[in-house]
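Top to bottom, those sequences are chains A and B. Position 104, counted from 1, in the first sequence is what the numbering used here calls 1342; the numbers after and before it change by one each time, with no gaps. Position 259, counted from 1, in the second sequence is what the numbering used here calls 1497; the numbers after and before it change by one each time, with no gaps.
Treat the hints loosely; a few may be bogus.
[To be verified] To give an idea of the interface, some chain A residues facing chain B are shown, with a C-beta separation under 10 Å as derived from the structure: (1) Ala1310; (2) Ala1348; (3) Ala1454; (4) Ala1478.
Simulated from the structure, these hints should not be mistaken for laboratory data. Glycine included, each C-beta is placed from N, C-alpha and C at the ideal position.
There are 2 protein chains.
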Amino acid sequence: LTALCIRSLPGLPEVRAGDDLAALIVAALEAEEALQNGEIVAIAHKVVSKAEGAVVRLADVQPSAQARTLAAEQDRDPRAVQVVLDQSQELVRAANGVLICRTHHGFVCANAGVDASNTAADAAARAAQDTLIVLPADPDASARRIRARLRELTGASPAVLISDSFGRAWRHGQCDVAIGCAGLAPLEDWRGRTDGAGLKLRATWLAVADAIAASADLARAKDSHEPVVIVSGLERFVTAEEGPGAGALLRPAAEDLFR
Amino acid sequence: LTALCIRSLPGLPEVRAGDDLAALIVAALEAEEALQNGEIVAIAHKVVSKAEGAVVRLADVQPSAQARTLAAEQDRDPRAVQVVLDQSQELVRAANGVLICRTHHGFVCANAGVDASNTAADAAARAAQDTLIVLPADPDASARRIRARLRELTGASPAVLISDSFGRAWRHGQCDVAIGCAGLAPLEDWRGRTDGAGLKLRATWLAVADAIAASADLARAKDSHEPVVIVSGLERFVTAEEGPGAGALLRPAAEDLFR
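Bound-form chain A, shown alone:
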């Protein structure tokens, strides 16, 4: 009997630039139960970005001519558009006030993952809504760092997964996907293997890290401050080595039949 258990972690304080996120997680866990080997610590990227200071104040941004043109067309703040462009290697599409971008990491998502909500630590900045939060510069490296620190603090060696909510082609709504991971096999490859009856399986290459990200997001209500979720029961995907990271999930355009 395979059983999976996913629990959100209450008690994490508001995260600020320079905070030791792993230490905050361990402190919050202490009221609960200790981290186990083989568990997965799934973290909504915002707190990782905050801890790393991946935040931009609109007041500091000088919009380019391109940003001003796009902002006028899409009814957006030119400074916010500039922040989105700064995070992007390619503007895939601009419509309905949304910029679909390919980020410098290679992720294709709305507004290059730049987010305005729930960012500023102090009430004054929040009231002004003048701070944007961007994706971590290298989310796989962030996951490795957090994992190393969790190991240092607890002795346990969990996997770490960092997620964001992305829209999808063809389907309504967003699902969380993995933007960084460490100690986790992001893809499970059954291509060419046979099923229980000895038949060759159809293309079966499971995006395990994305499925875990989506699962973890179900355990947190969007309005509760619970960015951290602990997943148990997926030991088979947790690895001693760091692994290829979530970068392995990026599909080169030439191989992409779905867009």
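Since the structure of chain A is already known, use the hints to place chain B on it.
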């Protein structure tokens, strides 16, 4: 503390056309624990298709000229290509031996969801690999029927979700998505609501049913015959009414910025 528990259901026999799938599930559950209100019964579509007889014998298929041309270009069996075309309202792309189709339901997926693996009940047909399994004709209706029958047999009123593994744009690997559901809110709409700090949330429209489908798939190993998974802890998405079904997840092309 939000906690989600997902367990796969062992002991389901090989499903055959005409089988009462709900009754098989209830029988398999008896060795475990009874179904509870608010639980979600997540079913890989193959057993639903099998029970409904949504199966095509290649020997019965007459390929059209279009199917023969496509098959030659993509190095496929012309009869299998014909089955895929029969399931499709639109051929989106053909490359690398894969046909990306929009099915009559509106799903965009590889080979219109037609699957060769692990279908035939008898060894002779399996050896010949001459049987293809297609998606249920109306998976939301299938989910409603299974739900009604589960309620009749157990008195409990769980949600029912039917899933398939779909490839995605931009990202490697497949994730399970919902192709049918009943008694479940498929999307959770936070657009326009505010977060804990009173700030308006960024576009936040969660594809709950797809996240549940992806979670359920993590609880089954691909080579174990465990198509049925029980999800507990998501009572907030389980509804008394049937709900809009997974059809609500289909994004009209005109609104689709991601492809």
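A quick look at each hint next to the structure:
1. The closest approach between the C-beta of A/Ala1310 and any C-beta of chain B is roughly 19 Å, which is over the 10 Å cut-off, so the hint fails.
2. The criterion of a C-beta within 10 Å of any C-beta in chain B is met by A/Ala1348, whose closest approach is roughly 7 Å, and the hint holds.
3. At a threshold of 10 Å, the smallest CB-CB gap from A/Ala1454 to chain B is about 9 Å, leaving the interface hint in force.
4. At a threshold of 10 Å, the smallest CB-CB gap from A/Ala1478 to chain B is about 21 Å, leaving the interface hint violated.
Against the hints set out earlier in the document, violations occur for numbers 1, 4.
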